[in-house]
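Turn these sequences into a full structure, and let the hints steer you where they fit.
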Amino acid sequence: MSPQPQAAVGAPLSRVDGRLKVTGKAKYAAEHNVDGAVHAVIVDATIGRGRITSIDTRAALAQPGVLRVISHRNAPKLPYRDNAMSNKSNNPPGRRLRVFQDDRVLFHGQPVAVVIATTLEAAQHGASLVKVHYDAAPPSTELTKAKADKPTKYARGDAEAGLRNAAVRMDLTYSMARNHHNAMEPHATIARWTGDKLTVWDKTQWVLGTQTEIAAAFGLPQDDVRVISPFVGGGFGSGLRGWPHVIIAALAARVTKRPVKLVLSRKQQYFGTGFRPAYEYRLRVGSDRHGRLAAMAHELDAETSSYETFTEGVLPPGQMLYSTPNVQQTYRTVPLDVNTPIWMRGPGFATASFVIESAMDELAHKLDLDPIELRRRNEPDEDQSSGRPFSTRRLRECYSVGAREFGWHRRNAKPRSRREGDWLIGMGMAAGVYDTARMPAQARVRLDADGTAVVETASSDMGPGTYTSQTQVAADALGLTMRTVDFRLGDSLFPPTPPHGGSMTMASVGSAVLDGCNQVRRQAIKLAVEDKESPLYGVDANDIVVRGGRLHLKNNPTRGEKYQQLLSRNNRTHLEAQGSFAPPSGTQRYSFYAYNATFAEVAVDATLGLVRVRRMLGVYDAGRIISPTLADSQAIGAMVGGIGTALLEHTVTDHRDGRIVNANLADYLVPVNADVPDLKAIYLDGEDREADPLGVKGLGEVVMIGVAPAIANAVFNATGRRIRQLPITAEALL
Amino acid sequence: MIAGGVTAGSALGDAQAAAEPAPTSRVALTVNGTRRTVTVDNRTSLLDLLREHFGLTGSKKGCNAGACGACTVLVDGQRVNSCLTLTVRLEGAEVTTIEGLADGDELHPLQQAFIEQDAFQCGYCTPGQIMSGVGCIKEGHTGSPEEIRESMSGNICRCGCYVKIVRAVEQTAGRK
Numbered sequence: 001m002s003p004q005p006q007a008a009v010g011a012p013l014s015r016v017d018g019r020l021k022v023t024g025k026a027k028y029a030a031e032h033n034v035d036g037a038v039h040a041v042i043v044d045a046t047i048g049r050g051r052i053t054s055i056d057t058r059a060a061l062a063q064p065g066v067l068r069v070i071s072h073r074n075a076p077k078l079p080y081r082d083n084a085m086s087n088k089s090n091n092p093p094g095r096r097l098r099v100f101q102d103d104r105v106l107f108h109g110q111p112v113a114v115v116i117a118t119t120l121e122a123a124q125h126g127a128s129l130v131k132v133h134y135d136a137a138p139p140s141t142e143l144t145k146a147k148a149d150k151p152t153k154y155a156r157g158d159a160e161a162g163l164r165n166a167a168v169r170m171d172l173t174y175s176m177a178r179n180h181h182n183a184m185e186p187h188a189t190i191a192r193w194t195g196d197k198l199t200v201w202d203k204t205q206w207v208l209g210t211q212t213e214i215a216a217a218f219g220l221p222q223d224d225v226r227v228i229s230p231f232v233g234g235g236f237g238s239g240l241r242g243w244p245h246v247i248i249a250a251l252a253a254r255v256t257k258r259p260v261k262l263v264l265s266r267k268q269q270y271f272g273t274g275f276r277p278a279y280e281y282r283l284r285v286g287s288d289r290h291g292r293l294a295a296m297a298h299e300l301d302a303e304t305s306s307y308e309t310f311t312e313g314v315l316p317p318g319q320m321l322y323s324t325p326n327v328q329q330t331y332r333t334v335p336l337d338v339n340t341p342i343w344m345r346g347p348g349f350a351t352a353s354f355v356i357e358s359a360m361d362e363l364a365h366k367l368d369l370d371p372i373e374l375r376r377r378n379e380p381d382e383d384q385s386s387g388r389p390f391s392t393r394r395l396r397e398c399y400s401v402g403a404r405e406f407g408w409h410r411r412n413a414k415p416r417s418r419r420e421g422d423w424l425i426g427m428g429m430a431a432g433v434y435d436t437a438r439m440p441a442q443a444r445v446r447l448d449a450d451g452t453a454v455v456e457t458a459s460s461d462m463g464p465g466t467y468t469s470q471t472q473v474a475a476d477a478l479g480l481t482m483r484t485v486d487f488r489l490g491d492s493l494f495p496p497t498p499p500h501g502g503s504m505t506m507a508s509v510g511s512a513v514l515d516g517c518n519q520v521r522r523q524a525i526k527l528a529v530e531d532k533e534s535p536l537y538g539v540d541a542n543d544i545v546v547r548g549g550r551l552h553l554k555n556n557p558t559r560g561e562k563y564q565q566l567l568s569r570n571n572r573t574h575l576e577a578q579g580s581f582a583p584p585s586g587t588q589r590y591s592f593y594a595y596n597a598t599f600a601e602v603a604v605d606a607t608l609g610l611v612r613v614r615r616m617l618g619v620y621d622a623g624r625i626i627s628p629t630l631a632d633s634q635a636i637g638a639m640v641g642g643i644g645t646a647l648l649e650h651t652v653t654d655h656r657d658g659r660i661v662n663a664n665l666a667d668y669l670v671p672v673n674a675d676v677p678d679l680k681a682i683y684l685d686g687e688d689r690e691a692d693p694l695g696v697k698g699l700g701e702v703v704m705i706g707v708a709p710a711i712a713n714a715v716f717n718a719t720g721r722r723i724r725q726l727p728i729t730a731e732a733l734l
Numbered sequence: 001m002i003a004g005g006v007t008a009g010s011a012l013g014d015a016q017a018a019a020e021p022a023p024t025s026r027v028a029l030t031v032n033g034t035r036r037t038v039t040v041d042n043r044t045s046l047l048d049l050l051r052e053h054f055g056l057t058g059s060k061k062g063c064n065a066g067a068c069g070a071c072t073v074l075v076d077g078q079r080v081n082s083c084l085t086l087t088v089r090l091e092g093a094e095v096t097t098i099e100g101l102a103d104g105d106e107l108h109p110l111q112q113a114f115i116e117q118d119a120f121q122c123g124y125c126t127p128g129q130i131m132s133g134v135g136c137i138k139e140g141h142t143g144s145p146e147e148i149r150e151s152m153s154g155n156i157c158r159c160g161c162y163v164k165i166v167r168a169v170e171q172t173a174g175r176k
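Chains A and B are the protein sequences, given in the same order.
Here the working numbering is used: position 564 in the first sequence is 564, and no number is missing along the way.
Here the working numbering is used: position 171 in the second sequence is 171, and no number is missing along the way.
Among the hints, a few may not be true.
[As the list claims (entries may be wrong)] Listed below are the simulated EDC-like cross-link pairs for lysine to aspartate or glutamate, each with C-alpha atoms no more than 16 Å apart in a straight line:
#1 A:K25 <-> B:D105
#2 A:K25 <-> B:E106
#3 A:K27 <-> B:E52
#4 A:K25 <-> B:D103
In case anyone wonders, no lab produced these hints; they're calculated from the structure.
Keep in mind that this is a model prediction, so the values were computed, not measured.
Below, the structure is given as C-alpha cells:
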C-alpha cells in the first residue's frame, strides 16, 4: 500500500471539541439530563476505625423531599463477585470496600449511609441530620509508625559490596507527601435502571472498568450495564477505578426505583477516590571519583489501605535509567487506616525520579561535576534490568537541546551565588523516564456513502485531546478531512479499549483506529480497481492514495474519483471494519521508554523561604507527535502539576482520628495562575517504529516526571539548602 | 433561613412528625437576556439554580466553596462565584453565563481566543475561566501578563493551562 499523505497528523490543529467546551455545551457526568432524577448525598464516617453501633435516620427522613436513607442496616446484600476485568488498577489484591454491607469502619470518611431526596438541598440537609454512633478505635495513619507488609525485592550484582567498595558514598532519606488528583470535575454518577438493566453516566477514565465493577458488585451480566462518559473533567488517574460511590448511586437508584444523581463534594474526593501515596524512601548511592555509579540501594515504604495492597511502578527507574552494575530494591507497602491509593500522573516513576534525580544532583555537587555531565557518564548502552536494547533512547539529545535552549551555561555551579535583591536565584535540571505501555484495543470504522466516516471506541478523553488526536489519525488513514470524520468515545457499547491512563491511549487505541481506517480505505481501493466503471479500474492498488475523500493515482492526481461516486455506483451504503491492535506477545525484543530532560529556574526569598518558579523548559523524546498543539498543552500542564508536587501539595491528616484536615481547595494548595510563569516544551522530532504502528511512545506521564526534582535541584542551587521532602515549603527553607 | 426551622434535637424527640417544608421565595431575575420568575428553596445557590433548575450546566461546580472559580458568572456585569451567591439575593439581577456569551453562532472573542490558544484541556474550568476573563478585561486588569495572572488566580485549572489562558486574555484585551 502506498503510504497515505499526512495532512492532519503532525499539524498544529485546534481541538475538535473546542467549541463545545468554550460554550459550556460539553456534558460532564452530572450534567446529563435524565428525566426524574433525584439526588443522593453520602454520609461519611467521622471516626478513623471501628464499628457503627447505631444510626438514627428519623430526623433526615422527616425532611420534606427526603425519600430514603440507606445504610448497612437496610441495604440489600450485594454479591460483589470478582471483577471480570480485574487487574491491579481496578481491584488491587485484597478485599474491596463493599458499600453498606456491614458495620465496620475502615477509614475516616468511609460512606456509612446515603440520603436520597427529590432536591439537592433536601438531600444535603438530610445527610447532615443522620446521626451515626460508633464504637471507635484509634486509627493507624502514620506511614513511619505502622508495620509494613512483606517487601517486594529486586537485586542485581551485589549492592552492599558495591557500596562498601565505592570511593564516594551517600546515604539519603527522602519523603514525599500524599497527593490528591483534584481534577476540577468532581466524581459524579447518574444511575438509571430499566428493569434489570442499568445505564450509568459516570466520570471515569475507563467505561469498561466501571461497567465490569458494577456488574460484579450487583451480580449482573456485563452487557446489562451500560456506562456512558463522553467528557471527563480531568482525571490524572482518579478515574481509573469504579469507586464505592458509583455502586452507591446504582444501589440508591435500585432501592428508590428512581434515576439517581450522586456528586461527590470536593471534600469527599479526598477519601471517596484514591490518591498518590506518600513515601519514605532511603537511597544509598556509591560511585567512583569520576561519578560512575557502582551501586544503588533503594528502600521504600509506601502507604496503602488496610483492606487492599496498592503498588505502582516505582521500581523501574532505579533499574534502568542509569548504568548501575549493582542494584537492590526493597519496596514495602504499609497498610494504614486510609482508603486505597490509585495511580496518579506519572505513577511510581514520578516518585522514584524525585529521589534518584535529587540524589544525582547531590552526587554531582559532591564531585564538583556538572549535573548533565554526571548523567552522561552514566548513560547505559542497554536496559540493564533486562539486557534488551532500547527501542529508542535520545536522552543525550534531550540534555544538549535543553541545555542550549535553557541557557544552562549561565548556571553558576556554586550554590547561593546569584542574588537579585531579596531573591536567591538558582537553576536545576533532572532527567525523566516513563514506560511506553500498550494494551489491546479495538475500533469500529464506518465510511458512509456521503463520504463521511464514523469511528467508535470505548476510550475516554480526560483532557489530553483524544477526540482531536484520534480524528487526526483517522482522517489521514481514510484520506478524509478532519471535518468529515466523527470520532466517538466514552460508551461501553463501543469496541473495547484499555484504561485511559498510563500514556497508552494513542499507542493502543490510536493503533486500532489506524488499523480500522486502513482496512476501510483498502476496501474502497479494492472496490475501485475491480470496478470497470471506475477511472481506477485495473490499476495496481498499491499506486492509489486517498486525499480529501478522493481516491486517485499517487503519481497522477487527475485520475480518480470520490468515495461518494464509488460507493453510490456500487450500491454500497457504507464500508466498515473492526480495527484492532495488540502488542506483540511473548518476549519483547526491546526496552520501551519515553524520556525527558526538564530544566527549572527558581527564585527563593532569602529571608522568607518563599520559592517562586521563574521559568521551566522540558525537552521530550516521546516518539512521534500526532498533535503538536495538544502535546504542548500536556507538557505545560504537567509542569504546572509538577510545581504543585514540588512546592504546594500536601495532604495533612489528624492522626488522632484519621481525618484529613485540608480536604478542600483552599487548604490543599494547587498551583494557580500567579504561580505559573514562563513554561516551554520541545519535542524531539522522530518516531519509534518498534513501539507501535504509529511510532508514538506516550506522553501524558513522561512530561510530569522530572519536574519536581528539577525544581528541588534549582532550590539547592539557589540556596545551598537540600530539602529532601516534598513539598518544599517555606518552613522547610527557614 | 436554613433547614425549615428543624434541628436534629427536636426531630429526634418527635420522630413521626414531618418537618416543615423548607421556606421558599419568589425571585425574578434575568438570565442571558431572558427574564425568569422562579420560586426557589431559600437554600438554593445561583449555581444550583442554573445547573439543576434551568439546565444551564455550563457553569461548573468544582468546590462549592468559592475556592476554584469554576462557577464564575457575571451578575450585573461583575464576576462572582455563583456557588456562594444565594438566589434569593438576586431579585432584579442580570446574570450572564457561558451559554449567554456568544452572539448566536458568533463566539465571543475570548471564547475564540481560548480555542486558538488551546487554553484548556479537559474543559471543566473553561466556562469559569472565560467568564472570569471577560470580567478581568472589563475591569482593565490586563496591563501586563503579571497583572492578568494575578487577576485570573481565582480560577483553578488543574490541567495547568495558565500560560495559554493568559495569552487568550491578552489577545482579546489587545483587540478591544
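Fill in: In rising order, the numbers of the hints this structure does not comply with
none
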